[in-house]
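Position chains B and C with the ligands relative to chain A; hints supplied.
Protein chains in written order, with the working numbering: chain A, 178 to 956; chain B, 1007 to 1294; chain C, 6 to 175.
Take these hints with a grain of salt, some might be off.
[Said to hold, decoys possible] No more than 30 Å apart at the CA atoms, straight line, and that leaves these computed lysine-lysine pairs for DSS-like:
| id | chain 1 | residue 1 | chain 2 | residue 2 |
| --- | --- | --- | --- | --- |
| 1 | A | Lys351 | A | Lys729 |
| 2 | A | Lys623 | C | Lys136 |
| 3 | A | Lys337 | A | Lys405 |
| 4 | C | Lys136 | B | Lys1147 |
| 5 | A | Lys331 | A | Lys276 |
| 6 | A | Lys672 | C | Lys157 |
| 7 | A | Lys478 | A | Lys582 |
| 8 | A | Lys331 | A | Lys481 |
| 9 | A | Lys582 | A | Lys337 |
| 10 | A | Lys672 | A | Lys623 |
| 11 | C | Lys136 | C | Lys157 |
| 12 | B | Lys1034 | C | Lys157 |
[Stated by the list, open to error] In silico contact screen, one side only, chain C against chain A (beta carbon under 8 Å); selected entries:
| id | residue |
| --- | --- |
| 13 | Arg30 |
| 14 | Gly45 |
| 15 | Gly49 |
| 16 | His52 |
| 17 | Val85 |
| 18 | Ala89 |
| 19 | Cys109 |
| 20 | Thr113 |
| 21 | Asn137 |
| 22 | Gly148 |
Derived from the structure by calculation, the hints contain no laboratory data.
Beta carbons are placed, not taken as given, at the ideal position from N, Cα and C, and that holds for glycine.
Each chain, written out:
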Amino acid sequence: MTYVGSRHTRVEDEALLRGEGRFIDDIHLPGMLECAFVRSTVAHARLRAVDMEAARHAPGVIAVLGLNELLPHLASERLPLGFALETIEGEVTPFVLAKEEVCFVGEAIAVVVAENRYLAEDAAALVNIDMDILPAVSDAANALVDAPLVHTEKESNRLKEIKQCYGDTDEAFKRAAHVCSLSLRQERGAAHPIEGRGIVAHYDSPGDQLNVWSSTQMPHEVRALLAKTLGIDEERIRVVVPDVGGGFGAKFLMYPEEAVLACATRLLDRPLKWIEDRREHFLSAIQARTQFWNVEMAIDKNGKILGVRGHVTHDQGAYTPQGFNLPYNASVAMPGPYVVPAYDLTVDVVETNRPPTIPVRGAGYPEATFAMERLLDVAARDSGLDRAEIRRLNLISVEQMPYEKPLKTRSGSTVKYDSGDYQTCQTMALEMIGYHQFRHRQQTAKEQGQYLGIGIANGIKGTGRGPFESAVVRVGRSGDVTVYTGATAMGQGLKTVFTQIAADALGSRPSSIRIVAGDTGTISLGQGGFASRQTVTAGSAVHLAAVNIRKKALHVASHLLEVPEEDLSITDGRIYITDSPSDSVTLAELAEALAGAPGYALPADVEPGLEAQIHFSPPDLVYSNTTHAVEVEVSPNTGVTTIHRYVVANDCGRMINPTLVEGQIHGGVVHGIGNALFEQMIFDENAQPLTTNFGDYLLPTITEVPYIEITHMESPSPLNPLGVKGVGESGVVPAAAVIVSAIEDALSPWGIRINEYPVTPMLVVDLITSAEKARESIG
Amino acid sequence: MKPPPFDYYDPSSLEEGLQLISTLDEAKLLAGGQSLMPMLNMRYLAPQSIVDLNRIEELRFCRSENSSVVIGAMTTQRDLAASPLIREQLPLLVEALSHVGHLQTRTRGTLGGSICHLDPAAELPVAALALEATLQVRSAKEAREIAMGDFPTFYMTPDIMPAEILTEITFPVRAAGTGYAFEEFARRHGDFAIISVAVSLSLEAGQVTYARVAVGGAGSVPQRAKLLEDALVGERPEDSVLDEAVRLSTDIEYIADVHATEEYRRHLFFVLARRALTRAARQAASES
Amino acid sequence: MDKRRRRQIQVTVNGQSVRREVDVRLTVADFIRHELFLTGTHLGCEHGVCGACTILVDDRAVRGCLMLAVQTDGAEIRTVESLAQGDTAHPLQEAFQDHHGLQCGYCTAGILMTLVDFLANNPTPEESELKNALSGNLCRCTGYQNIFSAAKDGAERLRIEEHSDDDIRR
Ligand code: FES
Ligand code: FES
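Bound conformation, chain A alone:
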């Protein structure tokens, strides 16, 4: 039986369905105290005094700590830069707790430790903060000219300039038959896993060991960063990730709260817990997507792209916890699946007094895709080509694969698309949605007073980011197989996927396989969950480690059964002589034999133990691609967009489990629908957030989302042994672009252009009203 490729039911589900999962807030340690943070209520201020006396005397309070109290136990007052390979000038990372200046609403100033959360919150309200309010920068678009400073000690709000440039863009624009240009505004949303962040920290003082449970996407990196922050060796820290209720990027960094709890548990010698509540997620978890794109595209008379150039302003927020991967990704992702002979893009990364940004699901690709796809729609219009046709013309063809772009990934390697047939993928989506019959449907509907529109967009996603991921596969004396990995489960079904991979590679039953992920105590190295990477990297590591065990098992079995290896088969943990199946030895017996007995030699002259460790280093990113096509109806009366059909043609290489692939696409698409139609963090001009609850910030619900129709292509990646590519983010990449394109099409009777999202009903009505006014004034 092969498990890879099958719709195997998830191994995670039973416990979760029974309410037997163990999430961070389900952990209760004896003597544990709970924490609440005192946070800045203004976006920018100089702290004069923080009076904690009243809070310290409040009932049930054990301690109230600010940066000063923690400093003796800290190696640095700021968090170290995450994934610190790039060099950034100046101090850009957040403070462990605010020092003299607070720079966004929600920045942590002090922590209250009390007997329970109720009491901690009571006391937090008693902390008195005396401050001088400073002018704040709210809108990144205005951060560089005549703006106040985000941090008073700096000279400018410009943090960095990122430049991408190849080919001769000047020449391209000179030769162009059409030049189309756009100014696009994309707005911030937040990740909003339904489980917020959370930490339990326990310092075992007799053992001098710091145990941390964190709802994080990256336990090994948290361990390393904690070690640096506290100035202790990382082997004295164990970070364990319990069940995680979704991450989507918000748990892909170490936050001040982790450092504070780790420090405070050592200081107080008590186990501590902090659970982020929803308001804190709105205020202090990372956000993403505010970017302003001013871009233009040159096309020749046949609709071929000659060049793209432009400028992006990226809102970095108040701090930079882990480098510029988000704006960088956006800058290299823009040419996407198309042949773009010349490219010149500059990104200004600017600071604002808003929460920091790092990648949220999609990581810059949705933003870049929105820009590219919007430009292509304009180009289609200007050149009189159909929107699908201009895309087909410019898509990289299957003959050109693997396709190199003269761009560098963040790690410095050349951007190279490994495999895929983008044109066929697009054709599949068009056929599925009945693209070529649409104009007829649209006309008929219009006669009934209904405004239908169709949209199409392509997207790619660089997935499986290195440098490596780890797996240890071990067969115990019971014959059960345990897989340890540095990959981190956060709901995707990682354990199911690894079980399927290991079962095939090893010849074991899935029921005898257990996956242990996200525990630094069980595996020394790991990177964690981001960039749709884990099936590619950890999946390959699991596969290769299991294959090694299989080889060793066959080798030893051949010795014990006295037949050549070629004559052996392995199924369900039993190795037998193919022609004489009753002559067999089980993995349990082999594990027993290889564990060794005092004074006896190991069989077959092999190393002891039936285990293997692999760090799989992917040679490069592998690129998934997808085409989305949607049909919408827009009500000109209310402005409401209803998605009638949502079609996805997706290629993530070989699929380990199509059901899980589809689940990832569903989730990604709906996240994109949220961005396109509903979700927006709104700030006032003082950078005060106005949407800080789920009544004001609108996540899509079951009544708002369409049925998503999916068709698959499988172009195996040549870059890993399984031929897989990531799929966690593909769903979100072209979603906003495709929906906006369809809305624009539905509103074509008014000639309306949409250059932003979310496209709220109010925006639609505004646009129609202005268009009608303009028409009247002309008429």
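Using the frame of chain A, we list chains B and C with the ligands on its own:
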């Protein structure tokens, strides 16, 4: 997000409740809690005392009385929607209820709680306004009646004293020939309205004899569209008349917030009022 | 004990009678999670929107973050932990497993408990009714598609089970 400390009382009879609140200052009444509890969790409020009305069974009922339906203030939205009496006699209320929150919040949320909380975007106060409900308000000393139209004083502030409890709500039932419609625009199913419109409209011999139009979500309180009502009475509900009547509705107050501008609210009111009127008129015609 | 601040309550939780003294401001969600250690019920927003905290009180679905523990005095509470009977999963649990109706599983208990209530009163819902019933439960992982398939199929399985129960009784 945990509620602040408070003193808790849960009287089991109305009398006990009234006595109690006459002695407490700064007590907050807890009905279904679907608005108060989030405000406590977010610590927008920190009342000295909470008086929980949920054990007062005598405030949970629906009964028919003369030509009215009388509903106890603590009757849950869920029980209301399921009540055969309400379904039969107050179809407008039932339609409004289909927009109120979600299954889980309707289990706890009450009619009286919603009316007293007086969120301008909530549906039930708007329906009560269009239906010309009368509210019975009691204190330990006296009982009084107040028309729903007089109840809102300003934003989320009803005309009720700290020592008073809303006990029951009386809905007059209109004779045959009346049509009803409740229209709402919200971003997602179950959200508070950006605009809601409730219409009760009677026809005699094809002419509008009575019209009540209430709007929610528009301004700081639920409002009656009086100019619109006036423009309808005596007219035949033809498209042109309805169009014109809606256009004349210039007496509505609109506010702006993160969800919508004043202009968009006005626009939506016109769209929804028009829809609701057509539907109510059609229904009235078929009833008469 | 100041009765205004702490109360003795008696509740039946998943069939077991429980007596506890609680702070009056303790929400029922925190009560079952942190005092009774029934951690299958989750908190996603604590302001009554996400539905993760949905439990049954006297057989009706409520938001556990919007109700005080003291308000459940004398009531019967059911949580997700009550659904499976020993090794036998509840039909809804089976349907969610079969349709990949959960990913991280954080929202799932709330969805299951909402459905238990809804389907008990509406065993043959229209698709739109089923969607409306679930509109008060947020999920960030699944995009809802498989939740919906699972709920539909779960309703069907419950009807079949109901029938076979009838058969046995006859
Ligand atoms: S936690 Fe109760 S509704 Fe979200
Ligand atoms: S499965 Fe993760 S929130 Fe629903």
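Hint numbers not upheld by this structure, sorted from lowest to highest: 1, 4, 8, 10, 12
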